[in-house]
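Number of protein chains: 2
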Amino acid sequence: MARQARPRRKKSQAIQQVPWRRLKYRTPPVKLISDDEIEAVHDASMRILEEVGMDFLHPEALAILKAAGADVTEGSERVRFDRAFIEEKIKTAPAQFPFHARNPERTVGIGGDELVICAVASAPNASDLDGGRRPGNFVDFENFCRLSQAFNVIQMNGGYPVEPVDVHPSVRHLHCLKSFITLTDKPFHAYSLGRQRNLDALEMTRIARGVPMERFHREPSLMTVINTSSPLRLDTPMIEGVIEMGRAGQIAVITPFTLAGAMAPVTLAGALAQQNAEALAAIAFAQCSTPGAPVVYGGFTSNVDMKSGAPAFGTPEFLNTQIIGGQLARRYDLPYRASNVNASNCVDAQAAYESQMSIWGLVQGHGNIMKHGAGWLEGGLCASFEKMVVDVEMLQMISEFLQPVSFDEASLGLDAVREVGPGGHYFGAAHTIERYETAFYSPMLSDWRNFETWEETGSETATQRANRIYKQMLQDYEAPPLDAAIREELDAFVAKRVEEGGVASD
Amino acid sequence: MARQARPRRKKSQAIQQVPWRRLKYRTPPVKLISDDEIEAVHDASMRILEEVGMDFLHPEALAILKAAGADVTEGSERVRFDRAFIEEKIKTAPAQFPFHARNPERTVGIGGDELVICAVASAPNASDLDGGRRPGNFVDFENFCRLSQAFNVIQMNGGYPVEPVDVHPSVRHLHCLKSFITLTDKPFHAYSLGRQRNLDALEMTRIARGVPMERFHREPSLMTVINTSSPLRLDTPMIEGVIEMGRAGQIAVITPFTLAGAMAPVTLAGALAQQNAEALAAIAFAQCSTPGAPVVYGGFTSNVDMKSGAPAFGTPEFLNTQIIGGQLARRYDLPYRASNVNASNCVDAQAAYESQMSIWGLVQGHGNIMKHGAGWLEGGLCASFEKMVVDVEMLQMISEFLQPVSFDEASLGLDAVREVGPGGHYFGAAHTIERYETAFYSPMLSDWRNFETWEETGSETATQRANRIYKQMLQDYEAPPLDAAIREELDAFVAKRVEEGGVASD
Chain A
0 MARQARPRRK KSQAIQQVPW RRLKYRTPPV KLISDDEIEA VHDASMRILE
50 EVGMDFLHPE ALAILKAAGA DVTEGSERVR FDRAFIEEKI KTAPAQFPFH
100 ARNPERTVGI GGDELVICAV ASAPNASDLD GGRRPGNFVD FENFCRLSQA
150 FNVIQMNGGY PVEPVDVHPS VRHLHCLKSF ITLTDKPFHA YSLGRQRNLD
200 ALEMTRIARG VPMERFHREP SLMTVINTSS PLRLDTPMIE GVIEMGRAGQ
250 IAVITPFTLA GAMAPVTLAG ALAQQNAEAL AAIAFAQCST PGAPVVYGGF
300 TSNVDMKSGA PAFGTPEFLN TQIIGGQLAR RYDLPYRASN VNASNCVDAQ
350 AAYESQMSIW GLVQGHGNIM KHGAGWLEGG LCASFEKMVV DVEMLQMISE
400 FLQPVSFDEA SLGLDAVREV GPGGHYFGAA HTIERYETAF YSPMLSDWRN
450 FETWEETGSE TATQRANRIY KQMLQDYEAP PLDAAIREEL DAFVAKRVEE
500 GGVASD
Chain B
0 MARQARPRRK KSQAIQQVPW RRLKYRTPPV KLISDDEIEA VHDASMRILE
50 EVGMDFLHPE ALAILKAAGA DVTEGSERVR FDRAFIEEKI KTAPAQFPFH
100 ARNPERTVGI GGDELVICAV ASAPNASDLD GGRRPGNFVD FENFCRLSQA
150 FNVIQMNGGY PVEPVDVHPS VRHLHCLKSF ITLTDKPFHA YSLGRQRNLD
200 ALEMTRIARG VPMERFHREP SLMTVINTSS PLRLDTPMIE GVIEMGRAGQ
250 IAVITPFTLA GAMAPVTLAG ALAQQNAEAL AAIAFAQCST PGAPVVYGGF
300 TSNVDMKSGA PAFGTPEFLN TQIIGGQLAR RYDLPYRASN VNASNCVDAQ
350 AAYESQMSIW GLVQGHGNIM KHGAGWLEGG LCASFEKMVV DVEMLQMISE
400 FLQPVSFDEA SLGLDAVREV GPGGHYFGAA HTIERYETAF YSPMLSDWRN
450 FETWEETGSE TATQRANRIY KQMLQDYEAP PLDAAIREEL DAFVAKRVEE
500 GGVASD
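Chains A and B, in that order, give the protein sequences.
The opening position of the first sequence corresponds to residue 0 in numbering that gives the first Met the number 0, with each subsequent residue numbered one higher.
The opening position of the second sequence corresponds to residue 0 in numbering that gives the first Met the number 0, with each subsequent residue numbered one higher.
Please keep in mind that the hints were generated in silico from the structure rather than gathered at the bench.
There's no promise every hint is true.
[Stated by the list, open to error] As a list, the in silico DSSO-like pairs of lysine-lysine whose alpha-carbon atoms are at most 27 Å apart: (1) K30/A x K65/A; (2) K30/A x K23/B; (3) K306/A x K30/B; (4) K23/A x K30/B; (5) K470/B x K470/A; (6) K30/A x K30/B.
Excised from the complex, chain A in its bound form (with noise of 0.2 Å):
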């Protein structure tokens, strides 16, 4: 038959997964800190909001915000918000929204119960065993968007893995952009850097979709994350993202970067109130442009180590943090971002064990994105093949402890431990033999073979498996589809813009 005539391309042995699936929560979130102890926090960032204020670098914001009412100090970016304007206009973000995929399988849902897991973003380096560490390229990033697609537990691309900087900045987000769309059909993120920057991603979007602009501005189909540049200022890209995504219903995720100590008060408490003010004063900020618009309240609170200033990630602080930011974003009945982070130097224990705390930080508080999910080394400066690997085993086991488990008649075993007595054993058992191919998680990194056999077979650590698994995964890799017509649409609309050179840059 002609179809088998067509050669295939011979797949090594499958790599094992968990299947791709939307996430939620089974528990309720922890409440680390009192109500009260919220309240102290909501009370001094209405505080700082009502008598320092916050800068806007734009006239555009300046001119909605004294449209809408708020005091806005003429002849500066100063602008004081009152707690009632705040509270009044926050209202009109809604509290979930789906997130829309061009493959409808892989539409998430923003907020509730749901968590969403985005791959490593805006790192300015990649590395892999075999590389070694490299300033960040066009082959590794599409390499990474390759991943993204095929690690089922990854469900977003929340930026650019990695920063591709031998594409030139003018035209980078129209071929990156294409690459997402073409390489995955997941969510994506977008990066305010410039209002045509925005309205290139939103057009690229609408065609990926393959919707009408209208039912496009209906449905959320792209995100961008809006950085406060902390203390208290909103910069002119961000502002001109946070108005271009909501007018055309996009999402925008509202992150404040507050390292205690440096950008913010050296106290939890201090910086947590610091977060909350440049958080709810954007988002107001966004309400006031266009009432409505979807919004997510992020929360990115570390401290610097006094010593040597360095950032620190995976720390108690930051799982307090996680955890309260959660606590805060509920409080105004918003979707909450938080992240798996850490500040290693190499795929080692380190690199584990403080992502794990970070994860363990947004899954007790209830993150509905976790930024950075799989991939992130050294901070954010560099993303990682390996690491990419083991943070999927990590939230692998995640999504498994998300599942249910059955407590039903069948599932109690009464009829097993009747069979099998004091002093047996269950492997022949006819309830084990009826489950055991399916009852337990089966792993893609971790090995659980006996020492002498590991040593026999070279010894290897798990970021050396992880190096042969993510070069198996893009050996196996193989595109989405995507309709013809609609991809003939993207490349002329690529093309058109690459040719028109792109967007202005430095």
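Keeping the supplied structure of chain A fixed, place chain B upon it in accordance with the hints.
Only chain B this time, still in chain A's reference frame:
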């Protein structure tokens, strides 16, 4: 002066640690499954004890249980228990009690909101990067004892960190317990390997505490772990341990080792039902033997990899059973023991992430005793010096996380925000300068330097740094003071018992 004339050993720069302190949970335990599901597990475990029963391999146990009213099958070791009998008998077990160290400042509490962390126990092999993996020996054993003493976050020895097979079994307990007593001033554990060993351990502990027998019997000062021989058996030496420790008012930690698919049903529900049946039957027996004897409900349900038969640790299944085990223990108002475990063959990312998963299962389930807290590798077949340091770092972070965070007016730092204002920097703020030295967790092992500095100084992994740290800790080790009269009495007792040949061994 004479005192100054005594040469002091030159110390390298001291390793930074969190202080020795008792640890208390600050949030409620996680309720992973509903009360109805807990009742379903309870009901299944009661049906197991009513219908199938459990074997007690010792005539003394059978006599005690028969006298108490249990259904002992004539001419066999099988005992069936009515659920009313179980519920009635376990009521006399205390919900919490102190665990006395020979140094009163190292006494801890078992049960309630308290967490007590043990060093690794019972590994047949030891390893470090210099010497590789070797069979357990007395030199390694004593070095692990020194480290258990030196690391503040380790609160006790929960068994021999490594089995010193170069010491004859007939006298091993005498030498090892003497090391616990002389090299540490923290609480410790004695194995239940036949009545005479229990009696020797009890007398040595009484001597170490320097108290008369009557007072010793009122003050729990020694712990033993009682493992059931799953499924549904309690062996002779374990029974003797329950009897002798209970009579002396000392602590029995009753821990079924229920590996789903091997010694227990392949389902988590079934394995937990069997764990609960075995634990409660053994605890009821302990209370029949000595009403009011201090006992702990131990949970150690994991699964085997159904392809290889290898036990799995730190998996989603283990997380589930660690948390649900806590729900069960609290249903009976008993202290709860869980573990920090992993199946990795080396101190790599897998060792760290599986341990973290275990730790977070225990913390969310409010484990009161963390067995194998520091140093466990290879599913318990190896005690690793480097893994001990990695675990200590992870547990120090848990210790810090359990400390409350202040949200008072000074901590909220409004004055600092006013001083710094939008676009400023907090490094020089008065609020920062007053607090920066003690504001944040300062790691022992984690390296937060930038990549370039880290690379220039040798690109060490966390495991390589852990190697240096453990050796420095040993170099800096100082034995805790011990009263000369106690030391003399202890030496005399051990010398006499060694001369007598210790105990008969196989």
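These are the hints, each one checked on the structure:
For the suggested pair K30/A and K65/A, the alpha carbons sit about 37 Å apart, so the restraint of at most 27 Å is broken. Distance check on the hinted pair: K30/A and K23/B sit about 16 Å apart at the alpha-carbon level, within 27 Å; holds. Distance hint between K306/A and K30/B is unfulfilled; the C-alpha atoms sit about 40 Å from each other, more than 27 Å. Distance check on the hinted pair: K23/A and K30/B sit about 16 Å apart at the alpha-carbon level, within 27 Å; holds.
Restraint check for K470/B and K470/A: the C-alpha separation of about 38 Å exceeds 27 Å, so the hint is violated. For a cut-off of 27 Å, the pair hint linking K30/A to K30/B stands: about 13 Å separates their Cα positions.
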